[in-house]
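Asks: Chains as they are written, first to last, in the working numbering: chain A, 1 to 352; chain B, 1 to 352.
One or more of the hints may lead you astray.
No copy labels: a pair is met if it fits in one copy or bridges any two.
Stated by the list, open to error - Under the rule of at most 20 Å between Cα atoms (straight-line distance), these lysine to any residue pairs were calculated in the SDA-like manner:
1) Lys-165 - Asn-57
2) Lys-90 - Pro-222
3) Lys-193 - Tyr-295
4) Lys-195 - Ile-61
5) Lys-225 - Asp-117
6) Lys-272 - Glu-341
7) Lys-311 - Gly-77
8) Lys-311 - Ile-76
9) Lys-165 - His-294
10) Lys-195 - Met-81
Hint data in this document are derived by calculation from the structure and do not stem from the laboratory.
Source: prediction; values computed, not measured.
2 protein chains.
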Amino acid sequence: MQTIQSDSYPIFFDNSITQLVSFVKQGNYSRVFILTDENTGEHCLPIVKGQLDVLDNFDIIEVNAGEESKTIDFCIGIWKMLIDFGADRKALMINLGGGVITDMGGFVASTYKRGIDFVQVPTTLLSQVDASVGGKTGVDVDGIKNIIGTFTQPKAVFMHGDFLKTLPARQILSGLAEMLKHGLIVDTAYWDKLKTSDLSLPSIELVHRSVEIKNEVVTEDPHEKGIRKALNFGHTIGHAVETYSLMNDEDSLSHGEAIAIGMICEAWLSNKKIGLPDSELAEISQVLNGLYPHYKIKESTFPTLLEHMLKDKKNQNGKINCTLLKHIGQYSIDNNCTDDELCDSLRYYAGL
Amino acid sequence: MQTIQSDSYPIFFDNSITQLVSFVKQGNYSRVFILTDENTGEHCLPIVKGQLDVLDNFDIIEVNAGEESKTIDFCIGIWKMLIDFGADRKALMINLGGGVITDMGGFVASTYKRGIDFVQVPTTLLSQVDASVGGKTGVDVDGIKNIIGTFTQPKAVFMHGDFLKTLPARQILSGLAEMLKHGLIVDTAYWDKLKTSDLSLPSIELVHRSVEIKNEVVTEDPHEKGIRKALNFGHTIGHAVETYSLMNDEDSLSHGEAIAIGMICEAWLSNKKIGLPDSELAEISQVLNGLYPHYKIKESTFPTLLEHMLKDKKNQNGKINCTLLKHIGQYSIDNNCTDDELCDSLRYYAGL
């Protein structure tokens, strides 16, 4: 499968672990660190370790799995380990894991000694189609997602299809939401293809198409001034629901589950505000509500959800702007939505 | 005095506070934050507050004064305040203070929501001639200076000579060390001029020349790949002595006092290793030792100092590289120095 050339770095699909090893060898790095979490360390590292052992020397930094680890406090822990290891500016960080690892590892690397090289080896579907491409790094403070971060490109990204076989079904569904979003915002044919595919284990060809779409959008607008906001479809409401769930539910929503809810609500807003046809709203709701378990959102939580939306990085001057759809495959950015409209969209979802 | 145009931003000298006000007004910012410390709040803010009051609205974030505040923990506190204030991506941060404020405020702004605009209003001589120009931001972790940071340019820098009148003599001397360094590395005439000037309150013209020199070096090499290392003269040993003193002395050395020691030691290394003439070594030692109080460095501290030098960001592959002088006004980068040579240079200083 063709290597995708992003702005300044390649995204490998074929023989990607061999490519990783030769990248490291050619890089003449003083030290190599693999940042990973316990789950990845258990399930994914063994898949590639035989190939990585060709490298002379590397150190593994392992953190706890889960979004709870993606905090500035964990960053401090990793920085201190790098200091203790004597890591200099010619050190390399390999982020092997899901979005928590690639986002946090990217931030740690982009700020340690004002920036060392890092590469992404995403092991979840979500991180393959989303987090590992686009140069956004970030961690949470006070439960606010990605509130601290940088725009820094990795030196390369390595996609390895075999990792996906290790994932539970719920993790696959989490990544799938972003893939469906890619179809909804710019590619009707891809949306139609996804609808009829076996989605229990998306093929690497589907992953490749999602990465292609995301890459086209972000290379055109690396700092999120305009078209990149297309990717925000479903995320204004989805992020708020995700943050709420993370703070309140024992078994909190996955990113994809929350974004699926956000996409249904924002499809409803699209229908009400910018003319997304009724039939397309019905299709989106049906597909997403069929794939993802229904989540109970009470009226009493609406004020908290609105507050989270207002804190979203993309909003300015106290207004909430959503990316909506004119049609399936055609996005529209910067649609200002009132509190009433946002609440009505949540009611639409609640009534499904 | 001429505005200096750096890579992507202007450095104002004339009517700089008026310039600041019109910059803010033209920027159409959603919120304006002034980051400052208690000392600056007491001595410098009153000087400009009358002019700033023209602005409709700004919030002041005040931190404790001193290098002890320049930590990642203080950054977390500031990020949380920005979150609580509801600061969005169109917020502006005005860093009003010395190097602690400009370095830390730059880091906080460059990472909050992946980067908001910031401007520097340096109030100490050191921050005017050094920290506020060059786009380096940074904070300390575990007592290691500037180990975490980014390369991010401010939107503008505003130099205000009146602030210097509020400074104690020791703070003036601290900034002066960097000015003397600028002469030593590239401008013999400037070094000669400084030697014969009244240095108890350096004129804004002298500040202007230092900023010019620093700006020329950093715009040519923003990410410290080559010529920017010229600015590192005196800093390999100086930083180590500074870190040691910060950790061990009740009344610890100022940055400039430590760098003056570093410059004497590295002038000695220049003489031993790359032929700095004896007369020039004697001149440098005499000028610096005359301006700065002598500091006692015991043999027993050498191992700790060497360890600090090894952790310096600029070193790679376990070797210690110094920027040295061929002549006054002519630097030479990447001179590998052995532990023995470095210890001998400390002995030279101790014997003065």
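Asks: Work down the list of hints and note, for each, if the structure agrees.
Replies: Evaluation of the provided hints:
For the identical chains of this complex, Lys-165 and Asn-57 are neighbours neither inside a copy (28 Å) nor across copies (55 Å), given an alpha-carbon limit of 20 Å. Taking CA atoms no more than 20 Å apart as the test, Lys-90 paired with Pro-222 passes between copies only; the shortest distance there is 17 Å, against 25 Å inside one copy. Taking identical chains as interchangeable, the C-alpha atoms of Lys-193 and Tyr-295 are never at most 20 Å apart, the minima being 26 Å within one chain and 74 Å between chains. For the identical chains of this complex, Lys-195 and Ile-61 are neighbours neither inside a copy (39 Å) nor across copies (52 Å), given an alpha-carbon limit of 20 Å.
In this assembly of identical chains, Lys-225 and Asp-117 lie within 20 Å of each other by CA distance solely across copies; the values are 14 Å between and 26 Å within a copy. Within a single copy, Lys-272 and Glu-341 get their C-alpha atoms as close as 9 Å, which meets the 20 Å cut-off; across copies the closest is 76 Å, which misses it. Taking the shortest Cα distances, Lys-311 and Gly-77 sit within 20 Å of each other only across copies (17 Å), while inside one copy they are farther apart (27 Å). In this assembly of identical chains, Lys-311 and Ile-76 lie within 20 Å of each other by CA distance solely across copies; the values are 17 Å between and 24 Å within a copy.
When the C-alpha separation of Lys-165 and His-294 is checked against a cutoff of 20 Å, the pair qualifies neither within a copy, at 26 Å, nor between copies, at 67 Å. With identical chains, the CA atoms of Lys-195 and Met-81 are never at most 20 Å apart, being 45 Å at best within one copy and 45 Å at best between copies.
In the structure shown, a violation is registered for the earlier hints numbered 1, 3, 4, 9 and 10, in ascending order.
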